[in-house]
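Just so you know, the protein sequences line up as chains D and A, in that order. 255 is the number that the numbering used here gives to position 125 of the first sequence; each next residue is one higher, with no gaps. 48 is the number that the numbering used here gives to position 42 of the second sequence; each next residue is one higher, with no gaps.
These are computed hints drawn from the structure, not numbers from a lab. As the structure is a computational prediction, the values presented were derived from the model and not from experiment. For each residue, glycine too, the CB sits at the ideal point set by N, CA and C. Check before you lean on any hint, since a few could be wrong.
[Said to hold, decoys possible] Quick list of in silico lysine-lysine cross-link-like pairs, BS3-like style, CA-CA up to 25 Å:
1. D:Lys446 - A:Lys107
2. D:Lys253 - A:Lys107
3. A:Lys48 - A:Lys107
4. A:Lys39 - D:Lys446
5. A:Lys48 - D:Lys206
6. A:Lys39 - A:Lys107
7. D:Lys206 - D:Lys446
[Said to hold, decoys possible] Which bits of chain A does chain D cover? Going by a derived footprint, with three or more residues having C-beta under 8 Å, they are:
8. 54 to 62
9. 83 to 95
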Amino acid sequence: MPRHTRIRTLLPAVAGWAVIAALTVLTAPRSALALPSFAEQTGQPCAACHVGAFGPQLKPYGREFKLYGYTATDGKPHGLPIAATAQASFTHTDANQPSPASRWFASNNNPAFDQASVYYAGKIAPHTGGFIELNYDGVGKKLQLNNADLRYADDATVLDTDFVYGFGFNNSPSVQDIWNSSPAWGFPYNRSALAPTPMAAAQIDGSLAQQVAGASIYVLWDDLIYAEAALYQGLAGDVRNALGQVPVAGANKVIGVVPYWRLALQHQLGNHYLQVGLYGLTAAIGPGGLSPGGATDRFADTALDANWQWIFDSTKVTSDMVSAHATYIREDATLGASSAALASNPRDRLDTFRADISYSRAATWTPSVQYFRTAGSLDPAYWGTPSGRPNSAGFVAELAYVPFGKPDSPFNWFNIRLAAQYIAYTRFDGATTRASANNALYLSAWTAIHF
Amino acid sequence: MRDLAKIIATTICLTTTIALAGAATEVDQVGQKFSKPTLTLKSGDMVHFLNRDDTTHNVNVIDANDIAMDQGLQKPGETINVLFDKAGRFNVRCAIHPRMKMTVTVE
Chain D
131 MPRHTRIRTL LPAVAGWAVI AALTVLTAPR SALALPSFAE QTGQPCAACH
181 VGAFGPQLKP YGREFKLYGY TATDGKPHGL PIAATAQASF THTDANQPSP
231 ASRWFASNNN PAFDQASVYY AGKIAPHTGG FIELNYDGVG KKLQLNNADL
281 RYADDATVLD TDFVYGFGFN NSPSVQDIWN SSPAWGFPYN RSALAPTPMA
331 AAQIDGSLAQ QVAGASIYVL WDDLIYAEAA LYQGLAGDVR NALGQVPVAG
381 ANKVIGVVPY WRLALQHQLG NHYLQVGLYG LTAAIGPGGL SPGGATDRFA
431 DTALDANWQW IFDSTKVTSD MVSAHATYIR EDATLGASSA ALASNPRDRL
481 DTFRADISYS RAATWTPSVQ YFRTAGSLDP AYWGTPSGRP NSAGFVAELA
531 YVPFGKPDSP FNWFNIRLAA QYIAYTRFDG ATTRASANNA LYLSAWTAIH
581 F
Chain A
7 MRDLAKIIAT TICLTTTIAL AGAATEVDQV GQKFSKPTLT LKSGDMVHFL
57 NRDDTTHNVN VIDANDIAMD QGLQKPGETI NVLFDKAGRF NVRCAIHPRM
107 KMTVTVE
């Protein structure tokens, strides 16, 4: 029995579906966004925008390209900006899982076709661009609308001060973010959907991805201060169903409007780039789609983040570079619905911390390491773990190899990323004993092509 | 004596030609920035934009009426020469790198 199913059996139905919804988000393949259609549009190699010549980790030009609405172009005609990505992998966990993570797979040592995606990604009109990803999940065997980010952006000068401004629509809080410390784009950039993952995640930490849609407005003032505000609305069940976000029955339901906000300071100091920021949201959730007596679970997420990049030679897109990200998310939950249905605590707290650093050698070899830790209140009824806590911690180590995507590459319409990743847990869902049984080796091949 | 006179005459001609053609200013595109964020020129002056990065750039000169004079793409190591022969204030942008810009004032 897969771990998430085993957990589910320990919980009442409402909490069980909440856990499944969280696991669906945690194990879903992340968006690729190492898109050759962007490379074709700008005439720039992948390495101009991306650390290690493959997305989604952004360099200064990648952030700029996104900030300006994906509209920068070399002026040549390139046809429709259609791109595709595909991932295949092999997953080994230190111990066999009680049962396969998916009914099409074995309890260990699984080769898999993880996913394939088709994107419309690029300029749509002057100052307007974006990307929309249609994804086939090769583990869950389903077709779904994945990330979408459409925006209008421009710049202006007021009182001799430059600012960039824009507004847009997207379906995942933080997918519009230009920093890789944000939940939507954080390390690891891909991970196995066939290995166990910790059950607890803050709402802002991917739990609302593709469950909402909203509009945002942003401004970067004097290349120094970034501010953004967004409002999201939960998608109705039939809409989620139509978009492939299944199962809808029994899944968490977003109730009312979800406000999201973002503040950041950035500065370039020689070859060093620094950013510190805050972001957050509040959301009312009906766990399992239920709100007994009108009660909801209300979540208030507040996060800190920081980025540091050191590009040794900024005149070379293949320059060696160091890149580091960190984020801390605090979630305060007022569990009106869960306390009524499950006799959980009326209030809980969840703290999440992640920090990673990578060194990109000639935009070809990129080793990375990450420390992660999640800790929460003691609440056996809510978390459903044997210890009553959701705590997990561990390390991720990864080595990625990207042969193309550089100025001297033979083509800019194709790229591939080969990676070996190992996740080691010191604590898993509140337990330290046998936490290492969830350790996972993940070997992946990730390709991107422009039609 | 005749050779010396030729040399002097040639030197005077060249100097006069250069003076009439206006001065030349070098601007590097390096690290995805223009080396001079602002520049003040006289009408008839020339600017040599040299791409010192290892990726393609573009020089797009936009006048006060928002009329753009796109100078095209510029491969690494290439120079684009732009003659500023009208007075006014011009924004110079790279269409590929939106944050790459400078202002030229022509007197």
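Check the hint pairing Lys48 of chain A with Lys107 of chain A against an upper bound of 25 Å on the C-alpha distance. 20 Å, holds
Does the structure keep Lys253 of chain D and Lys107 of chain A at a Cα separation of 25 Å or less? 21 Å, holds
Annotated coverage of the stretch 83 to 95 of chain A by chain D, confirmed only when three residues or more have a Cβ within 8 Å: violated (count 0)
Below or equal to 25 Å on CA atoms is what counts here, so check Lys48 of chain A against Lys206 of chain D. Roughly 33 Å between the alpha carbons, so the hint for Lys48 of chain A and Lys206 of chain D is violated.
Given coverage of the stretch 54 to 62 of chain A by chain D, checked by CB-CB distance under 8 Å (3 or more): Since three or more residues must qualify, the claim that chain D covers the stretch 54 to 62 of chain A holds, with 5 doing so at under 8 Å.
If you draw a straight line from the CA of Lys39 of chain A to the CA of Lys107 of chain A, is it 25 Å or shorter? Holds, at roughly 7 Å.
Proposed proximity, Lys446 of chain D with Lys206 of chain D (alpha carbon, max 25 Å): 23 Å, holds
Has the given pair, Lys446 of chain D with Lys107 of chain A, been kept, meaning a C-alpha gap of at most 25 Å? 19 Å, holds
With the threshold set at 25 Å, check whether the alpha-carbon distance from Lys39 of chain A to Lys446 of chain D stays at or below it. 13 Å, holds
Hints 5, 9, counting from the list given before, are not met by this structure.
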